[in-house]
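Protein chains in written order, with the working numbering: chain A, 1 to 478; chain B, 1001 to 1448.
Take the hints with a grain of salt, since some may be wrong.
Claimed, not checked - Some chain B residues well away from chain A (every beta-carbon gap over 12 angstroms; in silico): (1) 1169; (2) 1218; (3) 1230; (4) 1273; (5) 1292; (6) 1331; (7) 1340; (8) 1344; (9) 1367; (10) 1416.
Claimed, not checked - Cβ-Cβ distance ranges computed for the label pairs, FRET-style: (11) 299/A x 1054/B: 46 to 56 angstroms; (12) 1276/B x 452/A: 54 to 64 angstroms; (13) 115/A x 1037/B: 33 to 43 angstroms; (14) 1054/B x 71/A: 46 to 56 angstroms; (15) 307/A x 1438/B: 58 to 68 angstroms; (16) 1288/B x 31/A: 47 to 57 angstroms; (17) 105/A x 1441/B: 30 to 40 angstroms; (18) 1276/B x 384/A: 56 to 66 angstroms.
Said to hold, decoys possible - A short list of chain B residues far from chain A (calculated; beta carbon distances all over 10 angstroms): (19) 1038; (20) 1051; (21) 1185; (22) 1224; (23) 1266; (24) 1268; (25) 1304; (26) 1307; (27) 1319; (28) 1321; (29) 1334; (30) 1420; (31) 1438; (32) 1448.
The hints are simulated quantities; they were obtained by calculation from the structure and are not laboratory data.
A quick note: this is a predicted structure, and the numbers were derived from the prediction, not measured.
For every residue, glycine included, the Cβ atom is placed at its ideal position computed from N, Cα and C.
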Amino acid sequence: MVFSSMLFVFLFLPANLLSQVLLPSPKAKNIAMLIFSLAFYSWAGPRYLLLLVGMVFICWAGAILIQMSDTQGRRRLWLCVTVGLCLLILGVFKYLGFILGNVQSLFGVPKVIPQIVLPIGISFYTFQLISYVADVYRGQVQAQQSYWQLLLYASLFHQCIAGPIVRYKDVQSDLLRRRTRPEEISAGISRFAVGLAKKAVLANGCAAVADQLLLMDQTAMAAIPAMGVLLGAVVFTMQIYLDFSAYSDMAIGMGLMCGLHYRENFDYPYMSGSITEFWRRWHISLSSFFRDYVYIPMGGSRCGAVRQLFNLLVVWFLTGMWHGASWNFILWGLYFGLLLAVERFVLGPEGQRWLPQVLRHGGVLILVTFSWIIFKFTDMGLLGTAVKGLFGLNHNGFTSGAVSLLFKNNLFFLIFSAIACTPLGRWLRSGLRAMGEGGGLFGAIDAAWDVLHPAVLLILAAMALVGDSYNPFLYFQF
Amino acid sequence: MKKKRGPSRAVIGVKVIVFGSVLAAMCILGLLVFLRPTVSVVEKRQLTAFPEFTWEGLWDGSFFSGIDAWYADTYPMREELIDAQQSMESRYGLRGTQLVGGSMTADAVPVPGQETADPNATPGPTPEPTPEPLPDGTVHTPGEFYGSIYITEGAAYGLYGFSQSNADAYVAAMNQVYQNIGDKVDMYVMNVPLSSAIMLDADVWQDMGCSDEGAAIEYINSQLDPGIHAVPICDTLREHNAEYVYFRTDHHWTQLGAYYAYRKFCEVKGITPHELDQFTMREFGAGRYLGTYYTSADRAPVLAMNPDTVQAWYPMCVNANDSNDRDMHLVESDGTEYDWRIINDMYEMTDGAWYFVFSGTDQPFCSLHNPDLHDGSAVMLVKDSFGNPFVPWLVDHYEYTYWVDYRYTENTVSQMVQDYGVQDVIFETATFNATDNMYNDTFRRIGS
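Isolated chain A, as found in the complex (with noise of 0.2 angstroms):
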């Protein structure tokens, strides 16, 4: 089940909520909430929830298991053992193919290549439980008693399949003793409905778009001119952002309505300055997650600079990696990893200062731009077709009548897209509170708007989401 789906919004959301308003204690909230989480999760299959299943159960028992060690050696190897067996269960699932696929291709063998499906969601709720586990290791949080409990943390139906990675730490008190605040209940609410609707009506629109210029086959790429690469790719740009932010937005909202509070995913990483600046900005809990967990236990920058570089290229391998077991992912980390090692040991922080602030702005919009046409196409060839297309190496021409057509038809869409994707409808948003505080025309327009527009944007995410046949959210494959 998706959360940009009829049957979640208009269904499982109400009774969900409705659930968590009518029963009186936590507990009972929480047996609710677990219920409903295995059930959503169960969607796609219930076999996947015995995977789920599992892998809490060994994180469950190798925190007790840190937590009871009188030794740090024995502290370490649990820690090894519970980490290594969750990597391992996300090695053979999410890598097993791939990395048989390309020894079969350099050495003949194996013959065969077992087809194993990806369970949803598997690399969010591992990083999940690695994150819980490394944190009892540390001593930063205490070993959860209760499966059930741990359970409901890694099963959350919020975050589960789709992110945020939200640690443990930042959910805990909550899920003993949530209680749920008016003020929040409201955010909650605007916070769902804009993401419902910047998921059903701007991203889908935008794939729509994309879909006609970025294509899946090779002939039909390479007849694509250079401009209909480039807005292919713009429109991708805006898409995968809309997307992934929308569904952060939903789960956040949702969380709020519940009393449980998610960390911010997303901080409008399209206005950055540098690469260094957009990694701050963009999936804030995956980039966290590899600083907190990968990149500082390994040293971090408290070394020399070639370690640095080392550590840097590792934590971007393994990001890379992390998106999808395919080379054009790999690609796309190494590739942050190289501009990132570029900002810090080329220009430095007085070489960034140097550029004038439009020329940093453009320059990031333009690598991140190039980044997700690495990131779109995890076919090698294809991905060779666009970018020569994108610098008119295919022999087609600057534009098409098709093209400029395209363009023409989606003109307002576009541009509404793009302002969504800073963060001016949040200061109008301030502007029109401030002026409404004195009460009076202000006043009642903020208020008017502060009640009406949740309604309104779910209703418009409605209408779209009936004849809408392309729904999927990108980061369902991670």
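Could you slot chain B onto chain A? The hints should help.
Same frame as chain A, now just chain B:
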């Protein structure tokens, strides 16, 4: 420092009530199963049914995904919600001109007589001018782009992509049919172009990157066995493109378009065609017919504002005034047989289905006996849906007319020719079908 203020408790209360009410109303609406539609008239399809429960489906998740699909596809008021969405999307940009769907991918069309295709080849010879030129209905203005459907001036046009290998496979199948049926039977091949090749200025469809469908037909005809009579209808249709020869909202031609093709057939065969005013005409779904392009173009509002009318001409050998008269016979895919009307004026149809009035629609086998002729003459039309409005023009020239839809028949043409003793075989194929790999096997099978 001033404390940041949020909305008041009263505003929050009203907001929760409003949002909760809308959510609850949509939830309750979704639970009213009896309000759920089962058919989409506009999309011309059965909506997704509730999935049948199986343990296997439960285990692999297909049962649940089926529920998801059913819930969304049959949500009460879906048509109204979709219309509202399309109305909103029509304001997404400058849509006096639109293109819907994916970009065209096509092979270059080879010029007959040249071994390899030359992308810079000059167009073929210009047809000789007619003594009294008919009004030119060619559309020059830029239109709307709906993927592979181009929309302009309130009409939709499918864009054509040529495939060399599929065209060659089609030609091989036609030549095989000719070899099998022998020279005692006259074989005619008529490829029907999409409206874009007839109605649009060449600059427009070239700019959209689609293939020259007229050149594709010329290529096919040039590769046919010399014993096969090709019926080239592109120029004929272009001469009449100021008339209502193609629907605006549907990918088919009108029966008037089929009439001009019939005249060309008569010219090739060497017989005199009947004049249009000799037939009785009736209109169906006047100003209400929204065809396949309307659905494919995501219900483009500009098409809804320009609905079609189906004009149907009755053959002279049938009783146009008695709707109870069953003049033809049809056999469905499951073997069920009916006596039917060649112009189906017996029943009211839904507004999206008026093209079904012609010739019993797409069936494995249909026949009509002309009571006015007693010469034993027989023709077999092997056709797709474009052949349906063509049949009524044909039946007055033969005592027996048989028509089979190549997509549904399981017999070979040579066997049917032998069984029914026909003297003429006409292959009518939409060019986009002839050059699509979907029917390679079909043509090979019926030609064997």
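Taking the hints in turn, this is what the structure says about them:
1. 1169: About 18 angstroms separates residue 1169/B from the closest Cβ of chain A, which puts it past 12 angstroms; holds.
2. 1218: Residue 1218/B clear of chain A: closest Cβ-Cβ about 23 angstroms, beyond 12 angstroms.
3. 1230: The assertion about residue 1230/B holds, with a minimum of 30 angstroms to chain A.
4. 1273: 39 angstroms, holds
5. 1292: The claim stands: residue 1292/B keeps its Cβ more than 12 angstroms from every Cβ of chain A (closest is about 17 angstroms).
6. 1331: 35 angstroms, holds
7. 1340: Residue 1340/B clear of chain A: closest Cβ-Cβ about 35 angstroms, beyond 12 angstroms.
8. 1344: 31 angstroms, holds
9. 1367: 40 angstroms, holds
10. 1416: 38 angstroms, holds
11. 299/A x 1054/B: 46 to 56 angstroms: Holds: the Cβ-Cβ distance is about 55 angstroms, inside 46 to 56 angstroms.
12. 1276/B x 452/A: 54 to 64 angstroms: 59 angstroms, holds
13. 115/A x 1037/B: 33 to 43 angstroms: 38 angstroms Cβ-Cβ, so the 33 to 43 angstroms window holds.
14. 1054/B x 71/A: 46 to 56 angstroms: 54 angstroms, holds
15. 307/A x 1438/B: 58 to 68 angstroms: 59 angstroms, holds
16. 1288/B x 31/A: 47 to 57 angstroms: 56 angstroms, holds
17. 105/A x 1441/B: 30 to 40 angstroms: Holds: the Cβ-Cβ distance is about 33 angstroms, inside 30 to 40 angstroms.
18. 1276/B x 384/A: 56 to 66 angstroms: Between residue 1276/B and residue 384/A, where Cβ atoms are some 57 angstroms apart, the hint holds.
19. 1038: 15 angstroms, holds
20. 1051: 13 angstroms, holds
21. 1185: Residue 1185/B clear of chain A: closest Cβ-Cβ about 40 angstroms, beyond 10 angstroms.
22. 1224: 27 angstroms, holds
23. 1266: Label holds. Min Cβ-Cβ 39 angstroms, cutoff 10 angstroms.
24. 1268: 36 angstroms, holds
25. 1304: Residue 1304/B is indeed farther than 10 angstroms from all Cβ atoms of chain A, at 14 angstroms.
26. 1307: 20 angstroms, holds
27. 1319: Label holds. Min Cβ-Cβ 44 angstroms, cutoff 10 angstroms.
28. 1321: 43 angstroms, holds
29. 1334: 30 angstroms, holds
30. 1420: Answer for residue 1420/B: holds, closest chain A Cβ roughly 43 angstroms.
31. 1438: Holds: least Cβ distance 16 angstroms, greater than 10 angstroms.
32. 1448: It holds; residue 1448/B is separated from chain A by about 31 angstroms at its closest Cβ, greater than 10 angstroms.
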